[in-house]
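> Read off the chains here:
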Amino acid sequence: MADLYPSLAQCAVVATAFKILLFPAYKSTDFEVHRNWLAITHSLPVQEWYYEKTSEWTLDYPPFFAAFEWVLSHAARYADPAMLVVNNLSYDSWQTVYFQRATVIVTELVLLFALSRFVKSVSQSNKHLAHIASLSIFLSPGLLIIDHIHFQYNGFLYGLLILSIVLARKQSTLLYSGIAFAVLLCLKHIYLYLALAYFVYLLRAYCLDPKSVFRPQFFNIIKLGVCVVGIFAVAFGPFASWGQLLQLKDRLFPFSRGLCHAYWAPNVWAMYSFADRALIPFAARLGLSVNREALASVTRGLVGDTSFAILPEVTKEHTFGLTFLFQLLPLIKLWIRPDWETFVGAITLCGYASFLFGWHVHEKAVLLIIIPFSLIALKDRRYFSAFRPLAVAGHVSLFPLLFTAGEFPIKTVYTTLWLVLFLYVFDQVAPVSEQRRVFVADRFSLLYLTFAIPLIVYCSVVHQLIFGLERYEFLPLMFMSSYSALGVVGSWVGFMVVYFTA
Amino acid sequence: MAPPPSSYRPRKKRKFPSSFTGSNNSLIVETGGKASPAFPLVSFLWSARAGVSQWLVLPLILMAVGLFRWAVSLWGYSGFQVPPMHGDFEAQRHWMEITIHLPVSKWYLYDLQYWGLDYPPLTAYHSWLLGKLGSLFDPAWFALDASRGFEDPLLKVFMRGTVIASEYLIYIPAVVNFLRRYTRTQNVPVWSASIALVAILLQPATILIDHGHFQYNTVMLGLMVASLDAILAGRMLWACIFFVGALGFKQMALYYAPTMFAFLLGVCIFPKIRIVRLLCIALITSVAFAVLFVPLIVGVVGVDARETLAAAPQPPLLQLLPVEPDKQSVLYAVIFQLAQTIHRVFPFARGLFEDKVANAWCAIHTFYKLHRFEASLLQRMSLGATLASILTPCAIIFRHPRASLLLPALSSVAWGFFLFSFQVHEKSVLLPLLPMTLLLAGDGGLGKEVRAWVGWANILGSWTMYPLLARDELRVPYFVMTLLWAYLLGLPPTSLEIFRGRASLEDTTPGAELHVLTKLLHACFYLAMIAWHVLEAFVAAPPGKPDLWVVLNALIGAGGFGIAYLWCVSKLIQQCRRIDQKVVEEAEKKNQ
Numbered sequence: 000m001a002d003l004y005p006s007l008a009q010c011a012v013v014a015t016a017f018k019i020l021l022f023p024a025y026k027s028t029d030f031e032v033h034r035n036w037l038a039i040t041h042s043l044p045v046q047e048w049y050y051e052k053t054s055e056w057t058l059d060y061p062p063f064f065a066a067f068e069w070v071l072s073h074a075a076r077y078a079d080p081a082m083l084v085v086n087n088l089s090y091d092s093w094q095t096v097y098f099q100r101a102t103v104i105v106t107e108l109v110l111l112f113a114l115s116r117f118v119k120s121v122s123q124s125n126k127h128l129a130h131i132a133s134l135s136i137f138l139s140p141g142l143l144i145i146d147h148i149h150f151q152y153n154g155f156l157y158g159l160l161i162l163s164i165v166l167a168r169k170q171s172t173l174l175y176s177g178i179a180f181a182v183l184l185c186l187k188h189i190y191l192y193l194a195l196a197y198f199v200y201l202l203r204a205y206c207l208d209p210k211s212v213f214r215p216q217f218f219n220i221i222k223l224g225v226c227v228v229g230i231f232a233v234a235f236g237p238f239a240s241w242g243q244l245l246q247l248k249d250r251l252f253p254f255s256r257g258l259c260h261a262y263w264a265p266n267v268w269a270m271y272s273f274a275d276r277a278l279i280p281f282a283a284r285l286g287l288s289v290n291r292e293a294l295a296s297v298t299r300g301l302v303g304d305t306s307f308a309i310l311p312e313v314t315k316e317h318t319f320g321l322t323f324l325f326q327l328l329p330l331i332k333l334w335i336r337p338d339w340e341t342f343v344g345a346i347t348l349c350g351y352a353s354f355l356f357g358w359h360v361h362e363k364a365v366l367l368i369i370i371p372f373s374l375i376a377l378k379d380r381r382y383f384s385a386f387r388p389l390a391v392a393g394h395v396s397l398f399p400l401l402f403t404a405g406e407f408p409i410k411t412v413y414t415t416l417w418l419v420l421f422l423y424v425f426d427q428v429a430p431v432s433e434q435r436r437v438f439v440a441d442r443f444s445l446l447y448l449t450f451a452i453p454l455i456v457y458c459s460v461v462h463q464l465i466f467g468l469e470r471y472e473f474l475p476l477m478f479m480s481s482y483s484a485l486g487v488v489g490s491w492v493g494f495m496v497v498y499f500t501a
Numbered sequence: 000m001a002p003p004p005s006s007y008r009p010r011k012k013r014k015f016p017s018s019f020t021g022s023n024n025s026l027i028v029e030t031g032g033k034a035s036p037a038f039p040l041v042s043f044l045w046s047a048r049a050g051v052s053q054w055l056v057l058p059l060i061l062m063a064v065g066l067f068r069w070a071v072s073l074w075g076y077s078g079f080q081v082p083p084m085h086g087d088f089e090a091q092r093h094w095m096e097i098t099i100h101l102p103v104s105k106w107y108l109y110d111l112q113y114w115g116l117d118y119p120p121l122t123a124y125h126s127w128l129l130g131k132l133g134s135l136f137d138p139a140w141f142a143l144d145a146s147r148g149f150e151d152p153l154l155k156v157f158m159r160g161t162v163i164a165s166e167y168l169i170y171i172p173a174v175v176n177f178l179r180r181y182t183r184t185q186n187v188p189v190w191s192a193s194i195a196l197v198a199i200l201l202q203p204a205t206i207l208i209d210h211g212h213f214q215y216n217t218v219m220l221g222l223m224v225a226s227l228d229a230i231l232a233g234r235m236l237w238a239c240i241f242f243v244g245a246l247g248f249k250q251m252a253l254y255y256a257p258t259m260f261a262f263l264l265g266v267c268i269f270p271k272i273r274i275v276r277l278l279c280i281a282l283i284t285s286v287a288f289a290v291l292f293v294p295l296i297v298g299v300v301g302v303d304a305r306e307t308l309a310a311a312p313q314p315p316l317l318q319l320l321p322v323e324p325d326k327q328s329v330l331y332a333v334i335f336q337l338a339q340t341i342h343r344v345f346p347f348a349r350g351l352f353e354d355k356v357a358n359a360w361c362a363i364h365t366f367y368k369l370h371r372f373e374a375s376l377l378q379r380m381s382l383g384a385t386l387a388s389i390l391t392p393c394a395i396i397f398r399h400p401r402a403s404l405l406l407p408a409l410s411s412v413a414w415g416f417f418l419f420s421f422q423v424h425e426k427s428v429l430l431p432l433l434p435m436t437l438l439l440a441g442d443g444g445l446g447k448e449v450r451a452w453v454g455w456a457n458i459l460g461s462w463t464m465y466p467l468l469a470r471d472e473l474r475v476p477y478f479v480m481t482l483l484w485a486y487l488l489g490l491p492p493t494s495l496e497i498f499r500g501r502a503s504l505e506d507t508t509p510g511a512e513l514h515v516l517t518k519l520l521h522a523c524f525y526l527a528m529i530a531w532h533v534l535e536a537f538v539a540a541p542p543g544k545p546d547l548w549v550v551l552n553a554l555i556g557a558g559g560f561g562i563a564y565l566w567c568v569s570k571l572i573q574q575c576r577r578i579d580q581k582v583v584e585e586a587e588k589k590n591q
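For the record, the sequence lines run as chains A and B.
Mapping of the first sequence onto numbering that gives the first Met the number 0: residues 0 to 501, in sequence order.
Mapping of the second sequence onto numbering that gives the first Met the number 0: residues 0 to 591, in sequence order.
It should be emphasised that the hints constitute simulated quantities derived from the structure, not laboratory data.
Computed from a predicted model, the values in this text were never measured in an experiment.
Virtual Cβ for every residue (Gly too), placed ideally from N, Cα, C.
Be careful, since some hints might not be right.
The calculated label-pair distances, taken between Cβ atoms and stated as ranges, are [claimed, not checked]:
1) L132(B) <-> A74(A): 26 to 34 Å
2) L495(B) <-> I331(A): 56 to 64 Å
3) S92(A) <-> L495(B): 35 to 43 Å
4) L495(B) <-> A74(A): 45 to 53 Å
5) S92(A) <-> L253(B): 20 to 28 Å
6) H370(B) <-> Q94(A): 48 to 56 Å
7) V538(B) <-> A74(A): 45 to 53 Å
8) V290(B) <-> L108(A): 56 to 64 Å
9) T30(B) <-> P44(A): 37 to 45 Å
10) Q46(A) <-> F79(B): 44 to 52 Å
Some but not every residue of chain B turned toward chain A, in silico, with C-beta under 10 Å [what the hints assert, rightly or not]:
11) F43
12) V81
13) P83
14) M84
15) G86
16) P152
17) P476
18) V479
19) L547
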């Protein structure tokens with residue numbers, strides 16, 4: 000018998016209580032970013048939205064998100080009109096904080112709805128697995144840290160993504176899935192990373208006959224085309240008619256940033272930088288030439304762009320090439336076998352590829368992998384083995400987002416609670432795989448997990464005790480991101496194997 | 000030794016495998032052959048029903064309740080940005096400051112006008128320890144005099160951390176151990192015990208006062224629970240030591256003292272007189288008190304300290320002494336120190352009640368001004384009323400010194416103190432609430448009757464502290480924590496489950512359904528609380544009576560607490576009767 004307790008709604012009540020208690024917690028500049036967007040969209044005509052630059056936090060999300068802020072601003076007026084003044088930089092009266100935090104909680108209902116749809120879409124015998132996966136997503140420490148402390152609207156956006164994935168499950172709702180994803184792209188363009196998987200899947204399963212590639216479904220193509228083009232026309236049409244598309248492009252895709260983000264997202268480039276640093280002492284012995292300029296860089300990766308002392312420089316073209324290549328591989332399989340599970344796997348692998356090889360990747364983007372992966376992590380034990388290091392590494396890599404003392408217990412205890420609870424429950428319920436498990440992969444993930452705790456302790460406490468707060472400040476960050484990168488890469492390799500052998 | 004007493008329970012149809020016996024039955028509702036949880040908290044622990052190790056469940060529970068504590072502590076605290084005196088936070092910080100910088104002889108004498116130390120010695124030692132620890136981080140937090148009113152965010156994190164650390168080192172181990180032992184004697188399954196543990200650890204009033212308002216009540220409460228645990232384990236001497244610890248941390252533990260005294264005395268007399276035990280208990284208690292004061296006394300033996308004390312004004316207790324010892328002698332210093340400590344800890348000179356407290360005196364004062372009487376008469380009246388209210392429970396626990404009766408006895412005596420004694424503070428409501436809430440872990444404790452009463456008293460308790468919490472900017476945590484607790488336990492105002500009768504009529508266990516009068520009474524109180532919140536939020540008090548809403552709150556609270564007192568006493572009498580009945584039945588069985 001499948002016991003669906005505690006229900007999603009019950010968890011939502013308790014989680015909401017906790018999130019309300021977090022109102023006075025630390026908030027990052029993203030809070031001010033969103034306040035500024037409320038002000039811009041509320042007090043300026045649409046033509047000026049993407050030109051306004053009183054604040055350094057200019058509007059750099061696509062038009063639908065701007066419209067979303069515009070809708071919110073109408074409610075904001077009743078909370079505190081002063082937050083809607085563009086010149087009120089860094090304004091954070093308690094009404095503003097309560098209002099903005101509350102909107103995050105309320106819009107997260109989209110996620111709750113999508114997850115309940117997900118549970119409903121699963122067959123009776125697997126319902127409890129879907130239920131557990133939904134709870135793990137709803138209570139995810141990633142969403143708690145990024146949305147409810149750091150401040151963003153990911154719960155809402157990922158809710159839409161999951162809704163779109165769930166709609167892709169049935170042939171009859173494939174069109175709506177495409178529409179939902181198009182809307183999502185117009186809300187936040189980071190989801191472009193996943194767009195190829197959608198493109199291939201919709202083309203193969205909706206526009207062509209699932210049984211034969213050579214029988215195009217013309218009516219479906221027209222429906223999908225009209226809908227998607229229509230959505231983009233609604234979003235970008237007005238700006239195109241005012242001739243602002245180039246300005247939008249500059250705002251949405253600021254390519255002047257460096258390879259690694261300030262905090263080193265745990266990806267391949269973090270490992271690359273780590274290897275570079277590690278090679279410096281041996282450079283002379285190995286007869287390698289050292290780039291003096293990079294050595295002199297005191298921050299060593301803390302700020303903006305990293306430059307490498309020994310290893311060759313990485314260009315944007317390299318990152319694009321690698322991302323595209325590793326997105327392409329899973330898509331070939333999706334083309335051959337266009338079923339839902341392969342589709343979710345392909346989305347996950349697209350997320351992996353862009354996170355691991357992308358240019359200027361933010362550590363928050365790890366949710367792009369974790370959330371779609373959670374939907375299929377309980378398919379069988381092989382999936383779960385690949386998921387485990389990702390769950391640990393992905394969430395631990397978010398810790399540097401919150402660096403204040405007051406939030407330290409929350410991020411660590413909440414993440415530990417989530418990891419212990421859900422990894423245990425997943426381990427209990429994940430069905431046995433039909434195929435052989437890879438012995439090495441299991442040992443790797445166990446070894447990996449045991450390293451997490453001493454490393455976290457070192458980075459958060461011991462390092463400061465040994466070196467003080469200022470010296471070698473980059474070391475804990477570099478250790479953490481290299482360690483997390485190892486986990487993400489390991490789980491990527493593991494999942495690739497599972498995906499291609501399934 | 001005789002098997003541990005367990006309360007009487009009529010035979011009934013077994014619906015579940017043997018692992019679901021005991022009070023589990025009230026946790027699972029069966030409708031149409033499908034089992035479902037009776038209230039939300041049960042469903043959160045639903046998967047832990049069987050086959051999940053306590054080594055997993057317990058850490059998860061402790062992490063979850065810890066998160067809520069820390070989240071509450073992000074909010075305001077007593078006296079934040081209210082110069083010149085600030086509030087309890089500043090008082091505790093100030094004690095850390097004076098204990099680490101001043102010699103012991105000055106602890107109870109230094110600048111008494113600015114938060115002079117007025118808690119017993121254990122609090123002083125605790126403050127010293129925390130002050131030393133905190134100075135490792137930043138000595139500026141506790142610089143003598145210079146740090147007054149210091150409000151650095153990091154200091155707040157440190158202070159909040161000390162509250163959590165103290166709680167996790169004392170209160171939580173004590174509660175966990177107590178529950179383990181108590182549920183075992185009551186034949187309550189481990190699963191129900193885990194549910195009760197969550198309910199007890201999420202008690203809103205305690206969290207709001209300790210982690211919101213800022214105090215270290217859980218240390219005292221934890222020592223008290225440790226003492227109860229020792230009693231259950233049959234280690235009476237450890238019980239004495241822990242109880243002296245509780246008293247030595249906070250004098251409020253006196254609310255429990257009559258029960259403990261009656262119980263320990265009863266244990267030595269019934270069923271047969273055991274003089275050695277009595278002597279041991281007396282000796283250990285005295286030694287424990289002596290040890291408690293040793294650091295204070297050793298500190299005043301030195302020449303400098305003696306001079307300080309000789310120059311200081313004498314506490315009133317010392318003036319009562321018939322002989323006048325030499326002011327430079329060691330004896331004088333020791334007596335002075337003791338007298339000064341007692342004088343500081345028990346402020347007899349203050350009024351009958353402070354502020355608006357939901358007790359009998361404040362309620363009477365509203366209608367019939369008590370100022371007209373002399374202070375000494377009021378003191379005697381208060382003493383008389385308190386004694387009258389605690390007489391019955393004390394007599395029962397003295398005549399039937401059984402561990403299973405301790406919880407209702409402790410709570411009724413504490414309610415008696417809260418309602419009638421002198422100088423009651425609204426925060427003192429935590430004391431009667433603790434043993435009452437622990438009843439949730441007893442046999443049938445999560446059934447409707449006990450859950451409804453305990454829940455109602457807790458919600459009422461945190462509601463009477465609303466005016467205090469509102470002053471500390473803790474409105475949001477107050478609503479969140481209280482409603483969350485009500486929600487988890489399936490209580491009004493979030494759910495009316497407790498009022499609805501269940502379809503199955505076969506279950507005739509007492510307490511399975513609420514009495515209609517109970518329903519009516521609780522419904523009235525819940526409605527009154529909601530109406531009061533609406534009034535307080537939207538209607539301004541009439542100009543002549545600015546305190547009208549606060550007084551109304553205290554009045555309703557006093558009425559409710561009076562009823563809670565009566566319920567605890569009746570619970571005590573009921574349980575006592577059941578045990579007697581059982582003893583008689585067992586005797587009959589033996590005779591047959």
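> Of the numbered hints stated earlier in the document, which are not met by this structure?
1, 4, 5, 6, 7, 9, 12, 13, 14, 15, 19
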